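Quick mapping for you: the protein sequence lines, in order, are chains A and B. Each residue of the first sequence is one higher than the one before, counting from 6 in this note's numbering. Each residue of the second sequence is one higher than the one before, counting from 6 in this note's numbering.
Treat the hints as calculated values from the structure; they're not laboratory data. All clues given are correct.
According to the in silico footprint, chain B covers these stretches of chain A (three or more CB under 8 Å from chain B):
hint: 1; segment: 88 to 101
hint: 2; segment: 127 to 141
Pair by pair, the computed Cβ-Cβ distance ranges are:
hint: 3; chain 1: B; residue 1: Asn101; chain 2: A; residue 2: Phe47; range: 48 to 54 Å
hint: 4; chain 1: B; residue 1: Pro87; chain 2: A; residue 2: Asn52; range: 54 to 60 Å
hint: 5; chain 1: B; residue 1: Ile10; chain 2: A; residue 2: Asp81; range: 34 to 40 Å
In the BS3-like style, the derived pairs of lysine-lysine whose C-alpha atoms are separated by at most 30 Å in a straight line are:
hint: 6; chain 1: A; residue 1: Lys101; chain 2: B; residue 2: Lys58
hint: 7; chain 1: B; residue 1: Lys55; chain 2: A; residue 2: Lys72
hint: 8; chain 1: A; residue 1: Lys342; chain 2: A; residue 2: Lys284
Here the structure is a predicted model, which is why all the values come from computation and not from measurement. Every residue gets a Cβ at the ideal spot worked out from N, C-alpha and C, and that includes glycine.
Each chain, written out:
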Amino acid sequence: MKASNDMAINLAHSEFKSLRAFFSLYLALALLVLTFIAYFYFQYQKNTMLFQWRLELQLHSESFLPKLKERHFNFDIKQKYPRQNDFNTGIYDIDKKRIFSTLNTSTINLNEVISLNDGYIQFVIQPEAYYLGAKYIVLEVKDDEIWLTETWNHIIIAFIITFLLLIFSGWYLSKLFLRPMRHAIALLDKFIKDTTHELNTPVSTILSNIEIIDQENLDLKTKKSLQRIDIASRTISTLYDDLTFLVLHHNLLSKDEILNISDIINERIEYFSLSINQKKLNLDIDISKNIIFTADLNKMNRLFDNLISNAIKYNIVGGELKITLQKNLFIIENSGKGISKEKLPEVFSRFVRDDTVVGGFGIGLHIVSKIAKHYKINTLIDSKPDEFTRVILTW
Amino acid sequence: MVRIIIVLIVILTFSYADSFQKNCLECHDKSPITFDKFYMQYLIKFSSEKRIKEAMFYYLKDPKIEQSVMDVNIVNGMGIMPHLNLDDDTLMKLINEYIRRFDVKRSLH
Numbered sequence: 006m007k008a009s010n011d012m013a014i015n016l017a018h019s020e021f022k023s024l025r026a027f028f029s030l031y032l033a034l035a036l037l038v039l040t041f042i043a044y045f046y047f048q049y050q051k052n053t054m055l056f057q058w059r060l061e062l063q064l065h066s067e068s069f070l071p072k073l074k075e076r077h078f079n080f081d082i083k084q085k086y087p088r089q090n091d092f093n094t095g096i097y098d099i100d101k102k103r104i105f106s107t108l109n110t111s112t113i114n115l116n117e118v119i120s121l122n123d124g125y126i127q128f129v130i131q132p133e134a135y136y137l138g139a140k141y142i143v144l145e146v147k148d149d150e151i152w153l154t155e156t157w158n159h160i161i162i163a164f165i166i167t168f169l170l171l172i173f174s175g176w177y178l179s180k181l182f183l184r185p186m187r188h189a190i191a192l193l194d195k196f197i198k199d200t201t202h203e204l205n206t207p208v209s210t211i212l213s214n215i216e217i218i219d220q221e222n223l224d225l226k227t228k229k230s231l232q233r234i235d236i237a238s239r240t241i242s243t244l245y246d247d248l249t250f251l252v253l254h255h256n257l258l259s260k261d262e263i264l265n266i267s268d269i270i271n272e273r274i275e276y277f278s279l280s281i282n283q284k285k286l287n288l289d290i291d292i293s294k295n296i297i298f299t300a301d302l303n304k305m306n307r308l309f310d311n312l313i314s315n316a317i318k319y320n321i322v323g324g325e326l327k328i329t330l331q332k333n334l335f336i337i338e339n340s341g342k343g344i345s346k347e348k349l350p351e352v353f354s355r356f357v358r359d360d361t362v363v364g365g366f367g368i369g370l371h372i373v374s375k376i377a378k379h380y381k382i383n384t385l386i387d388s389k390p391d392e393f394t395r396v397i398l399t400w
Numbered sequence: 006m007v008r009i010i011i012v013l014i015v016i017l018t019f020s021y022a023d024s025f026q027k028n029c030l031e032c033h034d035k036s037p038i039t040f041d042k043f044y045m046q047y048l049i050k051f052s053s054e055k056r057i058k059e060a061m062f063y064y065l066k067d068p069k070i071e072q073s074v075m076d077v078n079i080v081n082g083m084g085i086m087p088h089l090n091l092d093d094d095t096l097m098k099l100i101n102e103y104i105r106r107f108d109v110k111r112s113l114h
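Work out the full structure, taking the sequences as your base and the hints as a guide.
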């Protein structure tokens, strides 16, 4: 199985995922905090502006009040409302009903001493007596909004600068934060690569040497021992092929080509023939000739190896093993303990095993489902405890 | 039918006007303090139309020096007004008429 020289574990992908999650949360929080600060700064600037106007409008009210008082006591002579040039006024009774007004805005808040409504600054005073019935006198001036423009400019500039600083510092912090993970992943990657390489070599040596031994001249006992060694070595080889596929599959150089599935299945049955004979299984094969499929040869080997090895592993001694291949259909059925109904939906998940008595990592069917999904092959598993297990592939 | 309604309105208006003349203006027109001044006193003390009506009604039901809005010396000088002995409904209508004539909101410009 060929792999690229990249890291075994997809570090860039892992790192990107962690970075993205951290950065999204970090930026969201930063935005929230900055928004709060901007809001409070805005309110502070607004209150400062209103306070300054309050002092000025207080002075204006001291010139207006005597006129209102004079109008009240001479109402029989003069009914004209006292108007001012530099500000507008309105008078309201104790029930907050309007008596008279020259105000520009209809939005009045008589509960606030000074407020900003619809672009107008309003100042409310309560005279010592209800002249012309007025409990509330509102003085109004137009807001020139110079303070507003300046405030927004300050907020925008500070926001941009602070946000950029936060992005750079966040980026640096996240790199710092990920450094231990990078180091650990690099170590793990080296371990996986070394392990697969170091273990593959002796296993290949064992298998190749078994093949060149002249078994015809061996006594029966030795022959049987040799067969057991052969089966065990092939099992290790298959296990590590699966592990390698599982860990390195994103880096494996995949080459899809037109394959004769019928020949592949026959080869794989031959490969597992020792194990089949050891368990004295009744093999029933119905393989149509020249069934063609376009895929990577190694992946197809992985797929059928796992199905066949599972069917042998979880079978009973002297049990049945039936393999069918037709156009767009592959069925493998074995007798044995079967899979419980509860575990059936999860068998294609990684490391899930129904039967932990027989050895294995629980990755075989996971690999089958990954490859099948890649080539859009439908998988169906059916089982009856203590009777059979059947896997059906259709494409 | 419309004519009858118009005639009734005119009669009622004149009857109220007549009642106001008889129960209020007959005395107050002769008073040294003009009638509108009483309203301005109520205004400066009670502010809203609703409160002014309540205060006036309360006073007119049972006129007493301590409930008058005018200065004590003025009341003592003029004398407290007599009981009107009118039903509540008529009293209220007279008050409404008074306010209608002297309400500042109508005159302010």
